[in-house]
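Enquirer: From first to last, the protein sequence lines are chains D and F. For the first sequence, the numbering used here begins at 1 and goes up steadily by one. For the second sequence, the numbering used here begins at 1 and goes up steadily by one.
One should not assume that every hint holds.
Ranges between beta-carbon positions, derived for each pair [said to hold, decoys possible]:
1. 79/D - 232/F: 43 to 51 Å
2. 94/F - 331/D: 47 to 55 Å
3. 94/F - 280/D: 30 to 38 Å
4. 261/D - 126/F: 32 to 40 Å
5. 84/F - 191/D: 54 to 62 Å
Since the hints were derived computationally from the structure, they do not count as laboratory data. Remember, it's a predicted structure, so these values are computed and weren't measured experimentally. Just so it is clear, CB atoms sit at the ideal spot from N, CA and C, and this is done for glycine as well.
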Amino acid sequence: MEVLRIATAGSVDDGKSTLIGRLLYETNSITTDKLEAIQRASQRKGIGFLDLSLLTDGLIAEREQGITIDVAHIYFNTPKRKFIIADSPGHVEYTRNMITGASKADVSIILVDARNGILEQTHRHYYISNLLNIPRVIVCVNKMDLMDYSEARFREIERDFVEFSSKIKSDTQEILFLPISSLYGENLTKKSAKMPWYNGRPLLEILETMEVHKNESKLPSRFPIQYVIRPRTDEYHDYRGYAGRVTSGRFSVGDKVTVLPSGQRSVIRQIDRYTQSLETAETRQSVTLVLEDDIDISRGDMIVRDEEIPDLKREFTSRICWLDRDPMVPGKSYLLQHGTAYTKAKISTIDFIEDPATLQKIPGANIAMNGIAQVQVRTAKGLPVDRYHDNPANGSFILIDEHSNNTVGVGVIQ
Amino acid sequence: MSEYLKVFPKDLEDEAIYIIRETAAQFERPAILFSGGKDSITLVRLAQKAFYPGKIPFPLVHIDTGHNFPETIEFRDWLVKETGVELIVGYVQDDIDARRVIEETGKFSSRNMLQTTTLLRTIEEHRLDACMGGARRDEEKARAKERIFSVRDDFGQWNAKNQRPELFDYLNGRIHPGENVRVFPISNWTELDVWNYIKEENLAIPSIYFSHERSVLERDGVLWPYSDFIYKDPDEVLVTRTVRFRTVGDMSCTAALASTATTVEEIIEEIISTTISERGTRLDDKRAEAAMEMRKVNGYF
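Whenever a hint applies, use it, and build me the whole structure from the sequences.
Expert: Spelled out as structure tokens, the structure:
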């Protein structure tokens with residue numbers, strides 16, 4: 001595993017930007033010209049110390065308001081790994097950004113201010129980490145310096161967190177707790193001398209060694225076709241390759257496969273990766289499959305191995321988050337995208353709307369922006385979906401408004 | 001910093017190929033914006049891989065400011081021949097001649113800002129609906145927030161506050177007539193990733209990336225490559241220095257870097273130990289702290 005994708009979220013004053021700035025600083029990922037720009041900006045703002053949050057708060061509006069308003073991507077690496085941070089804002093109104101930032105994450109970092117303890121925001125962040133079933137969650141209890149590095153305070157917050165998270169926690173998710181001070185760099189890159197009572201490892205070491213995706217090749221094999229390659233040159237006159245990225249599982253030469261939704265069957269003759277021929281295509285590899293039989297396949301179809309054929313579903317239960325300013329209109333036809341397949345879809349029933357902070361379930365006639373609900377989805381075409389919990393990469397979809405063309409909703413299949 | 005990730009993370013290549021294939025599948029007339037720089041050269045290789053053994057099914061678009069390094073143009077023409085890809089060139093000079101833009105004058109004048117008009121005109125003339133660029137999020141703060149599929153209105157403008165959310169691997173490229181999309185397949189790559197990729201793929205790059213002797217003007221510690229396109233005060237002295245370029249932009253706005261790196265390996269070593277970030281050699285960003293964001297709002301890629 002060469003790349004680790006991290007989602008960070010935190011309230012405005014939790015010191016999240018300072019934490020990220022500190023990680024960049026300590027891993028030598030900040031260059032002198034960027035550092036000088038921060039020094040200049042810190043002085044302009046009249047702050048005595050180096051305001052590392054200025055590194056990540058990029059847009060003009062953010063600098064004016066002193067807040068983060070969109071998902072920002074930050075990159076750094078150590079000799080062990082490349083890290084991609086998707087940093088989302090912590091405001092109530094930006095749940096959609098948080099889901100966007102967290103949707104590809106291997107690990108979620110949630111910041112808690114040691115002075116304030118668990119807030120409504122903390123509930124929201126965890127709710128989303130859980131909704132997306134992010135395999136690891138690291139709860140960083142920050143600003144321990146302002147609480148005299150007190151173990152009692154840390155344990156109290158840990159208890160509070162476990163109490164509410166255990167109500168919804170998925171059986172496959174792991175939660176770690178870490179006392180830190182991002183301002184002073186305690187427990188970030190090296191173990192803090194101020195908190196000898198903490199037995200765990202510092203944050204960076206956890207991130208460098210964390211194992212992710214270990215079972216993905218055992219998941220059912222799914223290959224949505226993106227593009228059909230037909231060179232029609234003399235040399236490759238009869239070449240017909242199906243280009244795509246392995247969503248989950250793996251495919252090998254000789255595998256018996258079925259093409260969905262048509263149900264046509266064939267055998268994998270060849271797996272191409274540029275000029276190389278592979279024996280096996282692993283999860284997330286972009287490859288081109290060539291089949292033994294000349295069958296009619298196009299973008300939107302899915303190749304699966306015969307042992308793992310999913311049912312084609314036209315009705316399913318899903319959790320959705322609404323992303324658009326215009327609320328979800330019940331009964332309206334939306335365009336649903338699953339993998340590379342599109343179909344018209346309707347939300348036939350809203351089972352309930354759930355408050356991520358209180359977990360209260362209330363009935364609702366529509367879903368407003370940032371609202372999260374359990375719904376019944378009905379589609380025009382049958383889709384080869386998996387339950388998100390069983391196979392996340394094939395268990396999600398997006399909804400597009402055909403008039404505005406906006407991505408208006410995202411769903412995970414229950 | 002002497003320790004670093006020595007391998008190119010393959011995951012980034014798989015992701016970029018996925019994005020390029022989505023672009024080819026979702027749009028009618030996509031193109032690669034080709035500057036002749038290492039990032040767009042990387043894009044061309046990724047596109048070759050995405051459609052192999054087929055040819056790249058879309059053209060390269062080059063916006064020619066007329067102030068290019070001659071080495072870049074030479075390289076461009078070689079690459080076009082080598083790959084058999086179609087080339088479209090939009091000339092900034094045409095927009096100056098037609099008085100659609102007015103050329104800047106003075107000591108720090110550059111045609112960099114004028115490119116936007118030519119780019120938008122070229123997109124319109126060729127009815128391009130998706131333009132792939134080699135921009136990376138690590139280059140600059142405003143780019144850190146850019147989507148992979150970034151929708152632009154009829155005037156090519158970017159609205160940072162109203163971007164489509166991108167969830168999981170879904171890329172929604174649906175647009176209204178007149179709109180177009182900028183696509184950034186190597187969004188998640190860093191400068192070092194690009195160089196490691198160039199090394200592993202053994203990609204050819206323009207000679208100006210490697211150390212050579214050149215006439216430069218030294219202004220406030222910045223080495224400006226001397227050419228017909230640069231204004232020189234009578235009291236300024238030309239000096240010959242051993243330099244290379246870290247980015248390939250216009251001759252009028254790309255600073256040279258004192259360097260003796262003559263191979264890709266040496267460039268990588270230099271980048272790792274260097275203390276100035278990549279865009280720090282781009283004089284167009286220094287005009288204001290929010291310079292990049294302002295240009296993006298107006299249609300620069």
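Enquirer: A separate judgement is required for each hint: does it hold in the structure or not?
Expert: Status of the hints after comparison with the structure:
Remark: the range hint 43 to 51 Å for residue 79/D to residue 232/F is upheld by a beta-carbon distance near 45 Å. Remark: the range hint 47 to 55 Å for residue 94/F to residue 331/D is upheld by a beta-carbon distance near 52 Å. Taken as a hint, the range 30 to 38 Å is violated for the pair residue 94/F and residue 280/D, whose Cβ atoms sit roughly 52 Å apart. Taken as a hint, the range 32 to 40 Å holds for the pair residue 261/D and residue 126/F, whose Cβ atoms sit roughly 37 Å apart.
Take residue 84/F and residue 191/D: their Cβ atoms lie about 57 Å apart, and the range 54 to 62 Å holds.
In this structure, only the earlier hint numbered 3 is contradicted, and the remaining ones agree with it.
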